[in-house]
Structure formats: C-alpha cells, structure tokens
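Student: Okay, here's what each chain looks like letter by letter:
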Amino acid sequence: MRAPALAVAAALLLGGCTLLAPPRPEPAREVLDELPKQIPSERRHTAALFVLPPEAGPAYDTIRIAYRERPYQLGYFRDHEWAEPPAQMIKTLLIETLKRTGAFRSVLTEPDFASPTYTLRTEILELVQDYTRSPPVARLALRLELLAPTGRPLASREITREQPMQAATPYAGVAATNHALAGALAEAASFVLDHTR
Amino acid sequence: MASNVHWKARLLFIALLFIGGAGALVWNFWSSSRYRTYWIETHDPASGLIAGAPVEFHGVNVGQVTDVALRDADTVRITLEVAKTAPVSKATVATITARGLTAWGFSGYVYIALENTAPASGPLPIAPGEPYPRIAAAPARIVTMDTMVAQSVDKLQTLMQLLEPLANEQTVASVKASLESLQMLSHSLDGLQQSAEALAAALDKKTVASLKRSLEGLQQVSAILAANGKRLDSLIINAERDSRDIRALVETSNSTLRTLNAQVLPQFSRAIVDLETLSRTMNGLATRLSRNPSALVSGTTLPPGPGER
Numbered sequence: 000m001r002a003p004a005l006a007v008a009a010a011l012l013l014g015g016c017t018l019l020a021p022p023r024p025e026p027a028r029e030v031l032d033e034l035p036k037q038i039p040s041e042r043r044h045t046a047a048l049f050v051l052p053p054e055a056g057p058a059y060d061t062i063r064i065a066y067r068e069r070p071y072q073l074g075y076f077r078d079h080e081w082a083e084p085p086a087q088m089i090k091t092l093l094i095e096t097l098k099r100t101g102a103f104r105s106v107l108t109e110p111d112f113a114s115p116t117y118t119l120r121t122e123i124l125e126l127v128q129d130y131t132r133s134p135p136v137a138r139l140a141l142r143l144e145l146l147a148p149t150g151r152p153l154a155s156r157e158i159t160r161e162q163p164m165q166a167a168t169p170y171a172g173v174a175a176t177n178h179a180l181a182g183a184l185a186e187a188a189s190f191v192l193d194h195t196r
Numbered sequence: 000m001a002s003n004v005h006w007k008a009r010l011l012f013i014a015l016l017f018i019g020g021a022g023a024l025v026w027n028f029w030s031s032s033r034y035r036t037y038w039i040e041t042h043d044p045a046s047g048l049i050a051g052a053p054v055e056f057h058g059v060n061v062g063q064v065t066d067v068a069l070r071d072a073d074t075v076r077i078t079l080e081v082a083k084t085a086p087v088s089k090a091t092v093a094t095i096t097a098r099g100l101t102a103w104g105f106s107g108y109v110y111i112a113l114e115n116t117a118p119a120s121g122p123l124p125i126a127p128g129e130p131y132p133r134i135a136a137a138p139a140r141i142v143t144m145d146t147m148v149a150q151s152v153d154k155l156q157t158l159m160q161l162l163e164p165l166a167n168e169q170t171v172a173s174v175k176a177s178l179e180s181l182q183m184l185s186h187s188l189d190g191l192q193q194s195a196e197a198l199a200a201a202l203d204k205k206t207v208a209s210l211k212r213s214l215e216g217l218q219q220v221s222a223i224l225a226a227n228g229k230r231l232d233s234l235i236i237n238a239e240r241d242s243r244d245i246r247a248l249v250e251t252s253n254s255t256l257r258t259l260n261a262q263v264l265p266q267f268s269r270a271i272v273d274l275e276t277l278s279r280t281m282n283g284l285a286t287r288l289s290r291n292p293s294a295l296v297s298g299t300t301l302p303p304g305p306g307e308r
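Chain order of the listed sequences is A and B.
In this text, residue positions in the first sequence follow numbering that gives the first Met the number 0: the first is 0, and each later residue adds one.
In this text, residue positions in the second sequence follow numbering that gives the first Met the number 0: the first is 0, and each later residue adds one.
Quick caveat, the hints were computed from the structure, so don't treat them as lab data.
Mixed in with the good hints there might be a few duds.
[Claimed, not checked] Label-pair ranges, simulated between beta-carbon atoms:
1) B:D241 x A:L34: 52 to 58 Å
2) B:P303 x A:T159: 24 to 30 Å
3) A:R156 x B:L284: 32 to 38 Å
4) A:P152 x B:L210: 57 to 63 Å
[Said to hold, decoys possible] Only pairs whose alpha carbons sit at most 25 Å apart, straight line, appear in this in silico SDA-like list of lysine to any residue:
5) B:K89 x B:T65
6) A:K90 x B:T65
7) A:K90 x B:A270
8) A:K90 x B:L274
9) A:K90 x B:A72
10) A:K36 x A:R196
11) A:K90 x B:T276
12) A:K90 x B:V92
13) A:K90 x B:S268
14) A:K90 x B:S278
15) A:K36 x A:G101
16) A:K90 x B:Y131
17) A:K90 x B:I271
18) A:K98 x B:S268
19) A:K90 x A:R138
20) A:K98 x B:Q266
21) B:K89 x B:Y131
22) A:K90 x B:T280
23) A:K36 x A:L107
From the three backbone atoms N, C-alpha and C, an ideal C-beta is built for every residue, glycine too.
Using the sequences provided together with the hints, build the complete structure.
Tutor: Okay, structure coming up:
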C-alpha cells in the first residue's frame with residue numbers, strides 16, 4: 000500500500016519539475032520580402048498569366064530555416080523560423096515581380112482562373128544556408144516551367160543563385176537568401192517574358 | 000403615058016390620105032364616144048402620177064390619166080378618161096394609189112383607183128362653170144418602198160437622237176452587266192430546272208405515298224392540337240410563369256455563384272492550404288512521438304544551429 004503511493008509522489012515531483020521549468024524564448028520570425036531592383040518590362044498587356052503556388056519537397060515545405068554544416072545533412076535553426084512557409088512568400092514576390100513587368104493583362108493565382116492564359120509552375124529545389132564553405136553562402140535553386148494556353152509545356156529553366164553571407168549567423172543567412180531570391184526573381188521574369196512573346 | 004401614071008398615083012395618094020383622114024376622124028369620134036372625161040382635185044402630192052397612167056374601177060382597167068396639172072400651190076387637178084361603161088356615180092371615190100416597190104420606173108407605178116363607197120346613186124353631174132364632172136378624191140395611198148425607207152430612216156434618226164444621250168459608257172456597261180446577270184440567271188434557272196427534274200425523278204411512287212402519309216399525319220396532329228387548344232393555352236401560360244420563376248431562380252443562382260466565387264472560394268482555398276500544413280505538422284509530430292513518447296510531456300529540444308550558440 001505504501002509503495003504505490005511513493006511511486007505516484009515521485010512521478011508528480013518529476014512532472015512538476017518539468018512543468019515548472021522556465022519557458023524557452025520565442026524564435027525570431029524571418030521573412031523573404033526583397034524584390035529585384037531592376038525588373039525587365041514590356042508594354043504588351045495582351046496575355047494573362049496564371050501563377051501556380053510554388054511546390055517544395057518536405058525538407059523545405061516548413062517554416063523551419065534549414066542549414067547545412069556537413070555534406071548530405073540538413074539541420075534547422077532552433078531560435079530562428081520563417082514567418083510563413085517559404086513557398087508562400089516566394090509566390091507573393093513572384094506575382095508582384097511579374098505584375099511589375101507590365102507585360103500581362105493580368106497575373107492571377109488560385110482561386111482566380113482565366114482562360115486562355117499562360118501558366119507558370121515553380122518548384123523550390125533548394126533553400127539552405129550552407130556553412131560547409133567559407134565564407135558560408137545562402138543557396139537558392141528554383142525550377143520554372145511555362146505552359147502554353149493549350150496546356151502544352153513551352154519552356155523550362157533551373158535558376159540557381161548563391162549569395163555569400165556577411166557573417167556566419169542565421170540573420171546574415173536570411174539577408175543573403177533575400178538577395179539571392181531577388182536575383183532569381185529577375186531572371187524568372189526575363190525567362191517568362193522571353194517565352195510569352 | 001407617064002403623065003397618066005403620075006396622075007393616077009397622085010389620085011391614089013389623095014384617096015388614101017382622104018380615107019386615112021376619114022378613118023382617123025371616125026376612130027376619134029368612135030373612141031371619144033366610148034370615154035367620158037372627169038376631173039379629180041386633190042391636196043395630196045401626186046408623186047409618180049403621169050399622163051397615160053391607168054385608171055381602174057374596182058381593179059378593172061377602165062381608162063387613163065390624160066393630164067396632171069397644178070391648180071394652185073397645194074392643189075393638183077387630174078384629168079382622166081373613163082369608159083362610159085364604167086359605173087361612175089355620185090358615190091364614186093378616186094384614190095391615187097401606188098403599186099410596186101417604187102412610184103417610178105419598171106419596179107412600180109401610180110394609178111387612179113375608183114371605187115363606189117355606196118350603192119350607185121345616179122350619174123355624176125357637171126358642176127356649174129366646170130367643163131367635166133368631178134369625182135371626189137380620197138387621201139392618196141402612195142406608200143412605196145422608197146418612201147417607206149425614207150420614213151424609216153427619218154424615224155431611225157429621230158430615235159438615234161433620243162437614244163444618243165443614253166448611249167454613254169456607263170449605260171453600255173450597265174446594259175452589259177445586266178446582260179451578264181441575265182445570263183447567270185438563265186444558268187441558275189437551268190440548274191433549278193435540272194434540280195426540279197431530279198426531284199421529280201426522285202419523287203417516285205413510294206416517296207409520294209410516304210409524303211402523303213406524312214401530310215395525313217400532320218393533319219391529324221393539327222386536328223389534335225386544335226381540339227386541345229385550351230389545354231395548350233394553359234400549358235403555355237404555365238410555361239411562361241415557370242420561365243419567369245426560373246429566370247428569377249437563375250439570377251439568384253448567379254448571384255450566389257458570384258458570392259461563392261468571390262468570397263467563399265478564396266477562404267476555402269486558404270482553408271485547404273491550412274489543412275495541408277496542419278496535416279504535415281501532425282505527421283511530423285506523430286513521427287516524433289512514436290520515436291519518443293515522453294516528448295508529449297517533456298517536449299523536444301533542438302540543438303542550436305550555427306550562430307545560435
């Protein structure tokens with residue numbers, strides 16, 4: 000009769016220690032919001048463009064910020080997170096960039112549809128802070144595929160950008176990722192304009 | 000002896016001359032006793048009528064024209080001798096008539112035609128102060144080929160003057176286009192005729208019978224429709240009322256669809272995305288808990304990343 004009572008008391012003491020431990024600080028929320036400084040532009044306003052939400056593999060379809068210290072290994076920062084999933088932020092920036100080209104009658108995304116229109120598919124292949132190099136770099140790789148109004152693939156391109164980081168810190172990595180993404184968006188706009196003339 | 004012969008010859012010549020003169024007198028007297036002289040006065044031109052021209056009564060030669068002379072500027076006096084046997088009377092009318100192609104020469108001549116316009120009504124009297132009886136004149140009928148040609152040429156010239164303003168290039172082009180259109184119309188009519196013939200050929204007895212049956216069926220349908228007129232009217236009224244209701248329903252549906260499209264669909268899309276995110280998070284949590292169930296109470300700790308130490 001006494002042994003069970005002692006076991007329950009010990010469990011409560013251990014759980015109380017755990018529950019009464021001081022809470023960890025909230026992780027810092029980072030965003031991707033840098034647009035290209037120079038966006039290619041054409042005054043056509045003839046076609047509509049439908050931008051599908053960017054797709055990402057499970058490794059990058061998360062708000063956790065990935066880093067790499069050793070080849071073939073991926074880690075996530077403890078105290079830094081993306082404010083939104085990167086695919087969502089990249090979609091917003093991509094639509095804004097394509098709108099600013101002035102080449103399209105409208106740039107749409109889900110749930111708005113327009114037909115006939117061109118369609119742009121985007122896949123995030125890599126979005127990582129690479130600490131295996133010195134100085135470390137932020138690396139971004141995107142795959143773009145443009146579809147004709149009939150649904151037939153028109154063209155595809157892989158865009159890879161590396162931006163050296165100013166310091167070996169998560170925030171410096173986020174800043175470098177923003178620069179790399181701005182360059183990738185300008186290249187993506189050129190690619191779309193070249194194949195929708 | 001010679002003088003005797005000469006004397007005899009003179010006597011013979013004188014005798015012959017006397018006999019000839021006597022014969023001429025007798026012939027003259029006899030012939031003048033056979034004919035009677037008449038006058039005709041006409042205001043028509045007597046072109047081609049000359050002395051010696053024949054005089055016919057109802058187509059029979061009964062005398063000749065002896066003189067044609069102008070009485071004044073527009074009156075011609077014609078003197079003619081007509082056999083006393085000819086039934087000239089008060090009802091006789093003379094017409095200057097041409098026969099043949101022309102009024103002159105071997106291809107035609109002009110003569111006087113006498114006709115009674117009424118039954119004979121007594122001999123023609125001599126008017127006072129005139130030497131011969133006058134036969135009434137009818138309008139001349141001198142219509143020969145040359146006058147006809149001349150008249151035709153005049154008419155043709157008049158016609159050409161009338162047509163000249165119309166005969167410009169535009170009119171000719173228009174007439175040409177009209178002719179081409181007529182030609183095309185003719186071709187179309189030919190095609191139509193062929194089609195009609197083909198249709199007539201295709202309409203064999205079976206087809207005609209089938210058409211007849213169809214017509215009878217149509218008549219029956221029309222009879223049924225006529226018999227059910229009131230019901231049809233009611234049906235039509237109901238259909239109109241229903242169509243109004245359906246229109247209102249469609250408008251409401253459109254409004255609802257627009258609302259769905261503009262408001263509900265975006266929210267639904269975001270909800271789907273959130274569900275997907277939640278599903279992935281739950282999957283990760285389930286994986287971690289299956290590896291370390293105590294993490295449910297104690298939580299998990301990530302190792303610090305670069306720059307987080």
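Student: Please go over all the hints and tell whether each is borne out by the structure.
Tutor: Going down the list of hints, with the structure as the test:
For the pair D241 of chain B and L34 of chain A, the beta carbons lie near 57 Å from each other, so the given range of 52 to 58 Å is met. The beta-carbon spacing between P303 of chain B and T159 of chain A, approximately 29 Å, falls within the hinted interval of 24 to 30 Å. In this structure, R156 of chain A and L284 of chain B meet the distance hint of 32 to 38 Å, their C-beta atoms being roughly 37 Å apart. Remark: the range hint 57 to 63 Å for P152 of chain A to L210 of chain B is upheld by a beta-carbon distance near 59 Å.
For the suggested pair K89 of chain B and T65 of chain B, the alpha carbons sit about 21 Å apart, so the restraint of at most 25 Å is met. At roughly 133 Å between alpha-carbon atoms, K90 of chain A and T65 of chain B are farther apart than 25 Å, so this suggested pair is violated. With a C-alpha separation of about 17 Å, the suggested pairing of K90 of chain A with A270 of chain B holds against the 25 Å cut-off. Distance hint between K90 of chain A and L274 of chain B is fulfilled; the C-alpha atoms sit about 19 Å from each other, no more than 25 Å.
Of the pairs offered as hints, the one joining K90 of chain A and A72 of chain B is violated, with about 122 Å between alpha carbons and a cut-off of 25 Å exceeded. A threshold of 25 Å between alpha carbons decides the hint, and for K36 of chain A with R196 of chain A the separation of about 23 Å falls inside it, so the pair holds. The suggested pairing of K90 of chain A with T276 of chain B holds, with an alpha-carbon distance near 16 Å, which does not exceed 25 Å. For the hint pairing K90 of chain A with V92 of chain B, the CA-to-CA distance comes to about 124 Å; that exceeds 25 Å, so the pair is violated.
As the CA atoms of K90 of chain A and S268 of chain B are separated by approximately 15 Å, the hinted pair is consistent with the 25 Å bound. For a cut-off of 25 Å, the pair hint linking K90 of chain A to S278 of chain B stands: about 21 Å separates their Cα positions. At roughly 15 Å between alpha-carbon atoms, K36 of chain A and G101 of chain A fall within 25 Å of each other, so this suggested pair holds. This hinted pair does not check out: K90 of chain A and Y131 of chain B have alpha carbons roughly 137 Å apart, beyond 25 Å.
Restraint check for K90 of chain A and I271 of chain B: the C-alpha separation of about 17 Å stays at or below 25 Å, so the hint holds. Between K98 of chain A and S268 of chain B, the direct Cα distance comes to roughly 22 Å. Compliance with the 25 Å bound is thereby established for this hinted pair. Restraint check for K90 of chain A and R138 of chain A: satisfied, since their Cα atoms lie roughly 18 Å apart, inside the 25 Å limit. The straight-line distance between the Cα atoms of K98 of chain A and Q266 of chain B is roughly 23 Å, inside the 25 Å bound, and the hint therefore holds.
Between K89 of chain B and Y131 of chain B, the direct Cα distance comes to roughly 14 Å. Compliance with the 25 Å bound is thereby established for this hinted pair. Between K90 of chain A and T280 of chain B the CA atoms are separated by roughly 21 Å; this keeps the pair inside 25 Å, and the hint holds. About 22 Å separates the Cα atoms of K36 of chain A and L107 of chain A, which keeps this hinted pair within 25 Å; it holds.
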